[in-house]
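**Q** Each chain, written out:
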Amino acid sequence: MNDLLAVLWIARKDLLHETRSKATTVATLFFSAVTLVVLAFAIGQDEQLLRGAATGALWVAIAFAGVISAAQSYQADLEDGAFDHLLTTPVPRAAVYLGKLLANWLFMLVLSLLMLPVTFVLYGAGFPGAWPWLLATVALGTLGFALIAVFYAGLTANLRARESLLPVLMFPIVVPILLASVRASGALVGVGDLELAQGWLRLLVAFDLVYAVLCTAIYHFVVEE
Amino acid sequence: MMDASERLRRPAYLRIWGALLVPLFLAAAYLGLVWSPQDVNQGNLIRIMYAHVSVAWIGFVAVGFTALFGALFLWRGKRRDDVLAAASGEMALLYSSLTIIGGMTYSRPTLNTFWTWDAKLTLTALMVALLVGYFIVRALVDDPVRRGRVSAVVAIVVAASLPFNYLAAEWFRTLHPSRSIALDGSGVTMAPEMLFTLLFTTVVAGLIYAWFMVDRARLGHIEAQLEAERAKRELGAAPSAGGVVRV
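Heads up: the sequence lines are chains A and B, in that order.
Residue 107 in the working numbering is what sits at position 107 of the first sequence, and the numbering runs on without skipping anything.
For the working numbering, count along the second sequence from 1 and bump the result up by 1000.
None of these hints come from the bench; they were simulated from the model.
Heads up, the beta-carbon is just placed ideally off N, CA and C, and yes, glycines get one too.
Some hints could be false.
To be verified - Just so you have them, the derived chain A footprint on chain B, three or more residues with Cβ under 8 Å:
1) 1120 to 1130
2) 1133 to 1144
3) 1149 to 1156
4) 1195 to 1202
The task is simple: from the sequences and hints, build the whole structure.
**A** See below:
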């Protein structure tokens, strides 16, 4: 019970820090918007092509933003040695992980929900009728990204070259998440194939479950002194 | 204390094992290149398969052992396990790189393209990227205990990702000829000579992997001792060097 409270307090701390400084919000919001615009330019003016690439571009933007937000969430803590203080508090390390995970997931969820309409406008894709399933895809996909990003950001936070190392380590791991999210939302937005989307969603659920257990179990090896 | 040359000497069992690998390798080459019959559809191209598939299988086994030794290190904290994990990881990187080269050699004449987004090939490419990440992390951490723990964690996450990567790549698109050997041994559609050749090359690939891993771990162990001795010497020298700026 107390550990659950600790998770919530750590998440609250991270979110509160973010709502007051707004540093990550501004950076990731504009970064993902710029990514969407740049990708649209790169694809060209063919409307058919643009519409087909919409969900892929959306998830690329979300993935890049997820890396930034996870790295920033440790960066703020590492300044002035606040993270060491956090680790000396009598809460399990797993609670630190889950708290940061919760904060990052909520942050990425809000960011994705803001990026959804931007993508639909820029890429001229129609809003799908099965939108609750699209929301489920966004929720499960961002959870998968956050699970790996928060875990590996903790691992790289103290290393040299962490900015380039984090994407190198995490992107090969999140390939299934990226594929499943793009395919599921593509199936919903394009042809409205609910059954196909649900197949990919099952993979997302399995990935999230396995890594939620695994990362929570071994996180304390990552952040020790 | 042993003197240096004695410490570096390869033990007798490794020398015998290594010497046995040469005729075994030649026998595997003979079986694959000469003895095995031609395939009905692929003709002589099937001979690439013996080298390619056996190396690929052992590559996955090597990743499994890297994660296993990593987990053992997390559990018991013995330096030996970390050394074995790193040695197995190096072999995994070598074998998966060879798998990509073999796969490209095989798919050029059979599928008329060097690269297909086939599930197994994609999975192997991701595995190479993951293993490179494993060694980048190892290179960046100086403290041996911390290095062992962090890299063990990476190895476990990497091993856990393989089934997901495989599933995703398989669903994404698959061009690969369907498997001829089911895991339960049923549904073997190969000629018995071919099956024997494949199993023989796999065993030889496994023995080569194990030999290099054990020998690499032996050298890794000497490296670890050297590292520890250097650290001890620096620690011992520091107080007596008081006031002197170290360069």
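**Q** Now tell me if each hint is right for this structure.
**A** The hints, checked one at a time:
Residues of the region 1120 to 1130 of chain B with a Cβ under 8 Å from some Cβ of chain A number 3, which satisfies the need for three, so the listed coverage holds. Counting residues of the region 1133 to 1144 of chain B whose CB lies closer than 8 Å to any CB of chain A gives 5, so the stated coverage by that chain holds, three being the minimum. Against chain A, the region 1149 to 1156 of chain B contributes 6 residues with a C-beta closer than 8 Å to a partner C-beta. That satisfies the three-residue criterion, and the hint holds. Three residues within the 8 Å Cβ limit are the bar, and the region 1195 to 1202 of chain B against chain A gives 0, so the coverage statement is violated.
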